[in-house]
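Engineer: Given the coordinates of chain A, work out where chain B should sit on it, guided by the hints.
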Amino acid sequence: MTSFSGVLSLRFIALLLAQVVICNNINFLGYINPYIYIVFIFLFPIRDSRIVLLLVSFLLGMLVDMFSDSGGVHAAAAVTLAYARPLLLKMSFGMLYEHQSVKFSNTDIGSLITYVGLGTLLHHFILFSLEVFNISNILLILKKTLFSGIFTIILSILIIVLFSRNKK
Amino acid sequence: MQQIINFVIRNKTFLLFLLLFTISLTLTIQSHSYHRSKFINSANALTGGVYGTFNSIGKYFSLKDQNKILVEENKRLRNELFNLNKPANTSQLDTTQSRRNYKVTTAEVYKNSYSSTNNYLTINKGENDSIKEDFGVISSKGIIGIIDNTSNNYSTVLSILNTNSKINAKVKATNHLGSLEWDGKSPYFTQLVDVSKFAPIKVGDTIETGGQSAIFPKGIGIGTIEKFETDISGDTYNIEVKLFNDMTNIGTVYIINNLDKEEIINLESSVDD
Numbered sequence: 001m002t003s004f005s006g007v008l009s010l011r012f013i014a015l016l017l018a019q020v021v022i023c024n025n026i027n028f029l030g031y032i033n034p035y036i037y038i039v040f041i042f043l044f045p046i047r048d049s050r051i052v053l054l055l056v057s058f059l060l061g062m063l064v065d066m067f068s069d070s071g072g073v074h075a076a077a078a079v080t081l082a083y084a085r086p087l088l089l090k091m092s093f094g095m096l097y098e099h100q101s102v103k104f105s106n107t108d109i110g111s112l113i114t115y116v117g118l119g120t121l122l123h124h125f126i127l128f129s130l131e132v133f134n135i136s137n138i139l140l141i142l143k144k145t146l147f148s149g150i151f152t153i154i155l156s157i158l159i160i161v162l163f164s165r166n167k168k
Numbered sequence: 169m170q171q172i173i174n175f176v177i178r179n180k181t182f183l184l185f186l187l188l189f190t191i192s193l194t195l196t197i198q199s200h201s202y203h204r205s206k207f208i209n210s211a212n213a214l215t216g217g218v219y220g221t222f223n224s225i226g227k228y229f230s231l232k233d234q235n236k237i238l239v240e241e242n243k244r245l246r247n248e249l250f251n252l253n254k255p256a257n258t259s260q261l262d263t264t265q266s267r268r269n270y271k272v273t274t275a276e277v278y279k280n281s282y283s284s285t286n287n288y289l290t291i292n293k294g295e296n297d298s299i300k301e302d303f304g305v306i307s308s309k310g311i312i313g314i315i316d317n318t319s320n321n322y323s324t325v326l327s328i329l330n331t332n333s334k335i336n337a338k339v340k341a342t343n344h345l346g347s348l349e350w351d352g353k354s355p356y357f358t359q360l361v362d363v364s365k366f367a368p369i370k371v372g373d374t375i376e377t378g379g380q381s382a383i384f385p386k387g388i389g390i391g392t393i394e395k396f397e398t399d400i401s402g403d404t405y406n407i408e409v410k411l412f413n414d415m416t417n418i419g420t421v422y423i424i425n426n427l428d429k430e431e432i433i434n435l436e437s438s439v440d441d
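Those sequence lines, one after another, are chains A and B. Going by our numbering, the first sequence wraps up at 168, each residue one higher than the last. Going by our numbering, the second sequence wraps up at 441, each residue one higher than the last.
Extracted from the complex, chain A is given alone in its bound form (with noise of 0.2 Å):
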């Protein structure tokens, strides 16, 4: 158990620092980032209770907020990721969930695309109209959503896929 919430708080750290120096100033095109950090979010683990991912989720937010000045957004989003994902386990994985069976390191991909991507334009949908903040710039913020998730949804896909631990 001990080794198991030091891989965690390992990830933790790696993802936060991955995302606050590295991904937050790819600026590709002039405005798309990744937003990697909710990988962590993504693979904590299933049995886990869910207040602890939530409490964990909003740290992690708060981090990342303080880190890029934006007040309360990452947070916010984060939260609400957290708070949402049974459901889109159940969506994307069906009966393994049920069975409380999912790993993630062994699913076949399809439906870990549907599981990260809907996940992602979930997370940045709301991210990105807390950002903007106004309703009348809609397109700018689905403009924002579209284009930052593409690259998210590729990069956390690679990052699931690559350190993976294959066990055989």
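Be a bit skeptical, because a hint or two may be false.
Now the stretches of chain B that chain A is said to cover, found in silico as 3 or more residues with beta-carbon under 8 Å [claimed, not checked]:
| # | stretch |
| --- | --- |
| 1 | 186-198 |
| 2 | 213-225 |
| 3 | 349-355 |
Using 27 Å as the maximum straight-line C-alpha spacing, the simulated DSSO-like pairs for lysine-lysine come out as follows [unchecked claim]:
| # | chain 1 | residue 1 | chain 2 | residue 2 |
| --- | --- | --- | --- | --- |
| 4 | B | Lys180 | A | Lys90 |
| 5 | B | Lys429 | B | Lys271 |
| 6 | B | Lys395 | A | Lys143 |
| 7 | B | Lys271 | B | Lys236 |
| 8 | B | Lys410 | A | Lys143 |
| 9 | B | Lys340 | B | Lys365 |
| 10 | B | Lys243 | B | Lys309 |
| 11 | A | Lys143 | B | Lys353 |
| 12 | B | Lys309 | B | Lys386 |
| 13 | B | Lys353 | B | Lys334 |
| 14 | B | Lys236 | B | Lys293 |
| 15 | B | Lys243 | B | Lys386 |
Think of the hints as simulated: they come from the structure by calculation, not from any bench. Beta carbons are placed, not taken as given, at the ideal position from N, Cα and C, and that holds for glycine.
Structural biologist: Chain B in isolation, oriented as in the chain A frame:
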């Protein structure tokens, strides 16, 4: 009572979610109003330390550009100095009589953002270097923003690329005043609004700071007019300003402290009463 407790226990996940979401929403709303005291900002030891460590690696990559900018600025200043009519080497007769109006401090930019709609910079000078809220920040080419939050060693700067930013500016040729805002779209353009329709402006005119506020001295460059159109109300121009500064690449900045600021503010507030 029992039922209330049961309700709380049954819905504890949802209630916790609501609580956390409300906290983040409150912080978001606070960050959208100018100069509300914020608890979450990057002017603290943790973020400053992390940015400082990585900046000390990253700054080598832009050394060449920064050198070029410095040489350009030196050239401009030399030009001004040599063309001054006053002989430069006459020493002041009585140094106690000479009075400085502005104090300039240099700082390194640790973090710069321009992709969001509310952008802030983090710099490596803070209260220990007597930097306070509302000091002006400029680069060698033009204005950058205004100091927003300070800690002991770091400060955050409200960039001109921030939808909350409003800076007094004027058209250099005609002295018509307006206020500089940003629509959140391109980091190379800002908008000058509330310029009188009677101003004889044309594309290419220079825009500079107006000197009406106590933050910036008069005549610091901002940019040139790219295009302009009449406002819907028909009385004022909305001008698209192309910035002199490349806000996407800033290495070193100057912080301006107006030493007369308190006097000006006191005077203005006494007039209001």
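Engineer: For the pair supplied as a hint, Lys410/B and Lys143/A, is the alpha-carbon distance within the 27 Å limit?
Structural biologist: Holds, because 24 Å separates the two Cα atoms, which is no more than 27 Å.
Engineer: Just to be careful, I want the Cα atoms of Lys180/B and Lys90/A compared with a cutoff of 27 Å; is the pair within it?
Structural biologist: OK: Lys180/B and Lys90/A at ~21 Å, within 27 Å.
Engineer: Against the 27 Å threshold, does the CA-CA distance of Lys429/B and Lys271/B hold or violate the hint?
Structural biologist: 12 Å, holds
Engineer: Keeping to a limit of 27 Å between CA atoms, is the pair of Lys353/B and Lys334/B held or broken?
Structural biologist: 16 Å, holds
Engineer: Need the status of pair Lys243/B, Lys309/B: alpha-carbon distance at most 27 Å?
Structural biologist: With a Cα-Cα distance of about 13 Å, the restraint between Lys243/B and Lys309/B holds, given a limit of 27 Å.
Engineer: Taking a Cβ-Cβ distance under 8 Å as contact, does the stretch 213-225 of chain B have three or more residues in contact with chain A?
Structural biologist: holds (count 5)
Engineer: Please check whether the stretch 349-355 of chain B has three or more residues whose CB lies within less than 8 Å of a CB on chain A.
Structural biologist: Answer holds; 4 residues pass the 8 Å Cβ test.
Engineer: For the pair we were handed, Lys309/B and Lys386/B, check the Cα-Cα distance against 27 Å.
Structural biologist: Roughly 15 Å separates the two Cα atoms, so the pair holds.
Engineer: Three or more residues of the stretch 186-198 of chain B near chain A by CB distance under 8 Å?
Structural biologist: holds (count 10)
Engineer: With a cut-off of 27 Å on the C-alpha distance, tell me whether Lys243/B and Lys386/B pass.
Structural biologist: 22 Å, holds
Engineer: Within 27 Å, alpha carbon to alpha carbon, are Lys395/B and Lys143/A?
Structural biologist: Roughly 25 Å separates the two Cα atoms, so the pair holds.
Engineer: Assess, step by step, whether the Cα of Lys143/A is no farther than 27 Å from the Cα of Lys353/B, and give holds or violated.
Structural biologist: With a Cα-Cα distance of about 12 Å, the restraint between Lys143/A and Lys353/B holds, given a limit of 27 Å.
Of the numbered hints given earlier, the model fails none.
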